[in-house]
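Visitor: What follows is the residue order along each chain.
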Amino acid sequence: MNGKGMIGDPLTRVDGPLKVMGRATYAAEFEVPGVAYGVMVRSTIPSGTIASIDSTVARRMPGVLLVMTHENAPRLPAKGRAAVKPPAGREMSLLQDAAVRYNGEPIAVVVAATLEQATDAAAHLDIRYRAADAVLDFDQAKKDPKPAKMLRGPAEKKWGDAQSALERADVKVDAVYTTPMEHHNPMEPHGTIAEWKGSELTLYDATQYVSGAKETVAKTLGIPPEKVRVVCPFVGGGFGCKGSAWSHVTLAAMAARKAGRPVKLVLERPQMYGPVGGRPQTEQHIVLGAMRDGRIVALRHEVLSHTSVFEDFTEPSTQPTRALYAWPNGDTVQKLAKMNVGTPTFQRAPGEATGTFAIESAIDELAYELGMDPLELRLRNHADVEPSSGKPWSSKKLRECYEDGARRFGWSRRSARPGSMRDGRWLVGWGVATATYPAHRMEAKAVAIMNADGTFTVRSGTQDLGTGTYTICSQIAAETLGVPVQKVRFELGDTRFPKAPVSGGSMTAASVGPAVRAACLALREKIDAGGKAPLQAEGSAKPPAEDEEKKTHAERSFGALFGEVRVDPELGILRVPRVVATYSVGRILNAKTAASQFQGGIVWGLGMALMEESILDRRTGRIVNANLAEYHVPVNADIGSIEVAWVDENDTGFNDIGARGIGEIGITGVAGMVANAVFHATGKRVRSLPITLDKLL
Amino acid sequence: MRSFEYTSARSVDEALAGIGPDAKFLAGGTNLVDLMKGDVEKPARLVDISALPLTDIAATPAGGVRIGAMVRNSDCASHPLIRERYPLLSQALLAGASPQLRNMASTGGNLMQRTRCYYFYDTAFDRCNKRVPGSGCAALEGYNRIHAILGASNQCVATHPSDMAVALAALDAMVEVLGRSGARRIPATQFHRLPGDTPHLDTNIEPDELIVAVELPPNGFAQRSHYLKVRDRASYAFALVSVAAALEMDGNTVRTARIAMGGVAHKPWRAMEAESALVGRRLDAAAIERAADASVSGARPLHDNAFKVALAKRSVARALEVAGGAA
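Chain order of the listed sequences is Z and U. Just so we're aligned, residue 10 is where the first sequence starts under this note's numbering, counting upward by one. Just so we're aligned, residue 38 is where the second sequence starts under this note's numbering, counting upward by one.
Rather than coming from a laboratory, the hints here were simulated on the basis of the structure. Misleading hints may appear alongside valid ones.
Heads up, simulated DSBU-like pairs for lysine-lysine below, C-alpha to C-alpha not over 35 Å straight-line [as the list claims (entries may be wrong)]:
{"no.": "1", "chain 1": "U", "residue 1": "74", "chain 2": "Z", "residue 2": "267"}
{"no.": "2", "chain 1": "Z", "residue 1": "267", "chain 2": "U", "residue 2": "79"}
{"no.": "3", "chain 1": "Z", "residue 1": "28", "chain 2": "U", "residue 2": "74"}
{"no.": "4", "chain 1": "Z", "residue 1": "88", "chain 2": "U", "residue 2": "74"}
{"no.": "5", "chain 1": "Z", "residue 1": "508", "chain 2": "Z", "residue 2": "551"}
{"no.": "6", "chain 1": "Z", "residue 1": "206", "chain 2": "U", "residue 2": "79"}
{"no.": "7", "chain 1": "Z", "residue 1": "347", "chain 2": "U", "residue 2": "74"}
Computed from the model, here is a short list of chain U residues facing chain Z with C-beta under 7 Å [what the hints assert, rightly or not]:
{"no.": "8", "residue": "38"}
{"no.": "9", "residue": "39"}
{"no.": "10", "residue": "41"}
{"no.": "11", "residue": "76"}
{"no.": "12", "residue": "80"}
{"no.": "13", "residue": "269"}
{"no.": "14", "residue": "270"}
{"no.": "15", "residue": "272"}
{"no.": "16", "residue": "344"}
{"no.": "17", "residue": "351"}
Looking from chain Z toward chain U, a few residues come up when the C-beta cut is under 8 Å (computed) [to be verified]:
{"no.": "18", "residue": "122"}
{"no.": "19", "residue": "123"}
{"no.": "20", "residue": "125"}
{"no.": "21", "residue": "344"}
{"no.": "22", "residue": "395"}
{"no.": "23", "residue": "582"}
{"no.": "24", "residue": "634"}
{"no.": "25", "residue": "646"}
{"no.": "26", "residue": "647"}
{"no.": "27", "residue": "706"}
The beta carbon of each residue, even a glycine, is placed where N, CA and C say it ideally should be.
Using the sequences plus the hints, can you model the full thing?
Guide: See below:
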């Protein structure tokens, strides 16, 4: 134990001992008596219909309890679409018809007494298709772009007059940047155990949103939500893919009811590439216009991202450019390219990670065009208000971040000319980029209880993705109640607890934190009024306005990133030995878990910059590298020194704990910073992620 | 994975008696079990050989070293005899996989790894001449960034993934195998095959033969050898290109040279022409350049892997420089 456990202290995570001892029970590890094992079967064509599924052999195999296909699956209300409300209520594959819309779509579930029996039987299904034409090439799909819809803000946003400003500009950068299809790959795969007791359904589900899963499954099955309970005390990483209740969750419930047994359905690693989303491919056209003194007068940002043929999901890469620099004229638009692939989804700073790669690269290109230090160019275009809305920031200390990061990194020692820094064989490059992520919060509720033994229990139906929710909520409760943190037990991950929002959009701390505080304040009042244990009080907190248009302030976090790359010019080998980052994110709730969040986010960013890419076979629509041997994420050897810091800040204009979320800002800007450093090292501008060695040969 | 029978062999004789048409030997299982989970390999029976007493590393009277087939990759890499006499092999082993995999993987099993290709590993692809002979090669016109540039056929363009086998090819190791009809020795360079018209066969061992040992002949390469592995991340990734280079020198003149490459062909690729280009010459930049050029002679890149030709050439040059002490 370190620190007293008050807000901000570097308290070691309270769930750590359980995890290192293997006693943290993840969703698929709950012991449910009589459980049977489900295996999801997926299509092997990208488009068409299932002509037949012959399960004669499979059904007779040992231990097999059920082969559920579109021919015998329970018919659901509205053909299984009752809960569809994109982008959170997904269009699912629930065996309601014979259609196949992408390669890898769920088309059957086999249930058996053991996992091995179910797996073996699944391999014995004889599936015939009637194939239809499919769109599998992004370049083909983009010829017929479709209008997009963003979760926050309009798909097209203009301010000032970008066109005439561009015509006046002294210097222009006009370039196209691309980012590939990626997949989340949390360590813990998706998994669900569905158990019916009469008309009541319990789901142990690996999810970022217990109450979302509850509502989705209840609506889809056509049963009252109060009959469904979702339990998820621990999540082995989500990164966005566990924010939605995908097909397998409902399929597990359907199979369990039909088989008359609890059913456990855990996705295999290759099944994580398609049916549970991923990051869309983007093509981003950026035009910047600037005056000789470095003032950027116009921004144009056109984003095309892919989605499935059956649901629109937009990677909102224009979101950061609407806020990042003080451009007085802007023109930003999003469009979609529809393809026969699984619907993409929120992944690790959706929009912000891809958008900052493009814009931070473009800013660097502009700096070289102007012959100006790229940090100086960013300072000259610092946005004192949000450029697209003119609103003031609730709190922003980005200038301090640049100053602190540059000083710690030693930026002033950089020599500007590309290829001018060497260390023996290695070309050395230094790059800078700005990080940014919007501040979100939603309504959340909590309950605080004083127990007879003098301890306190605080509960909220939120989630801990490994981020530290257990820990920071314990700290907020302890400080608010005025008791040592050891006296507080925080519980989460159960729809029987007061409702909390999805753990996505980096908003858990900023949403649940104030609710915990409110509940504890209410409990204190009762205690101060002479209440005796057991005593409980509820609390809730919500933002003054959830609608962007009604907000009086712009709410967003920022950071400054500096990094060094080394490039072996003959072999193209690229290493990133050093990253220095300083963030402006409001109040830090726990210095230790915060540092882990930032560092982890930067590691995501390095993966995005250097290696992550899902490869679609253009003939079959199958992702060819759908496993962790061929889809590379960083290993320890890829990661050098990552030094993170933050500026002192307390954003009480945003919420009463002064904290904006920090779960995703770490990834933003990193790929741009790396690409900029690579240019500085080699003179090669790589506009297409990931920066693999073949692009540097 | 399909259901299968499992037996554990206590002796080599028992292992050989247990093998049959639908059976496979199971050693560390680091590749076979993955393939079974992916429904690529479907043996009806596994004969577990991991308890066989083939775990010694011993000096041979001739001055070489004999490595038992069940010696784990991690044990082999750290053994004093290997580190002293064959540092190239130790480096190659340590460049492979991860510590956890090396702790499981065996010497014999490493040689028996199947080739690397996306389309081979996923049975959802109909076409793979390796899985379904005669069905065609999906990689040829598919995504083939990781595929072969040398020695491929229009039947198969997969690459062999082993690092160890590249070093063994360079070191002229002999693979000792035992079958019901007796023992034989296969040169490491001949152990793996090029795909030709029979890409379903990765090796020249018979299905009922068992690898019992690998023997390394004495040589004078210990002072001047280098294993270079170039890949998509710093560790735990297969080679895009790897090079095992070893030199014996008379002063500044090359007496003997060995160059083998990984990640470029269906088998570890000995670059004999490049070796000849070095022998009897001073190891200067011009000689290295000539050898590097020769190492990729006959290369036929595919749509997505043209970069491998330049990368292989430059990697050979780099490995020779490092082995020769110039870098």
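Visitor: Taking the hints in turn, state whether each one holds.
Guide: Evaluated hints:
no.	hint	verdict
1	74(U) to 267(Z)	holds (27 Å)
2	267(Z) to 79(U)	holds (31 Å)
3	28(Z) to 74(U)	holds (28 Å)
4	88(Z) to 74(U)	holds (34 Å)
5	508(Z) to 551(Z)	holds (12 Å)
6	206(Z) to 79(U)	violated (39 Å)
7	347(Z) to 74(U)	holds (33 Å)
8	38	holds (5 Å)
9	39	holds (5 Å)
10	41	violated (9 Å)
11	76	holds (5 Å)
12	80	violated (13 Å)
13	269	holds (5 Å)
14	270	holds (5 Å)
15	272	holds (4 Å)
16	344	holds (4 Å)
17	351	holds (5 Å)
18	122	violated (13 Å)
19	123	violated (10 Å)
20	125	holds (7 Å)
21	344	violated (26 Å)
22	395	violated (38 Å)
23	582	holds (7 Å)
24	634	holds (6 Å)
25	646	holds (4 Å)
26	647	holds (5 Å)
27	706	holds (5 Å)
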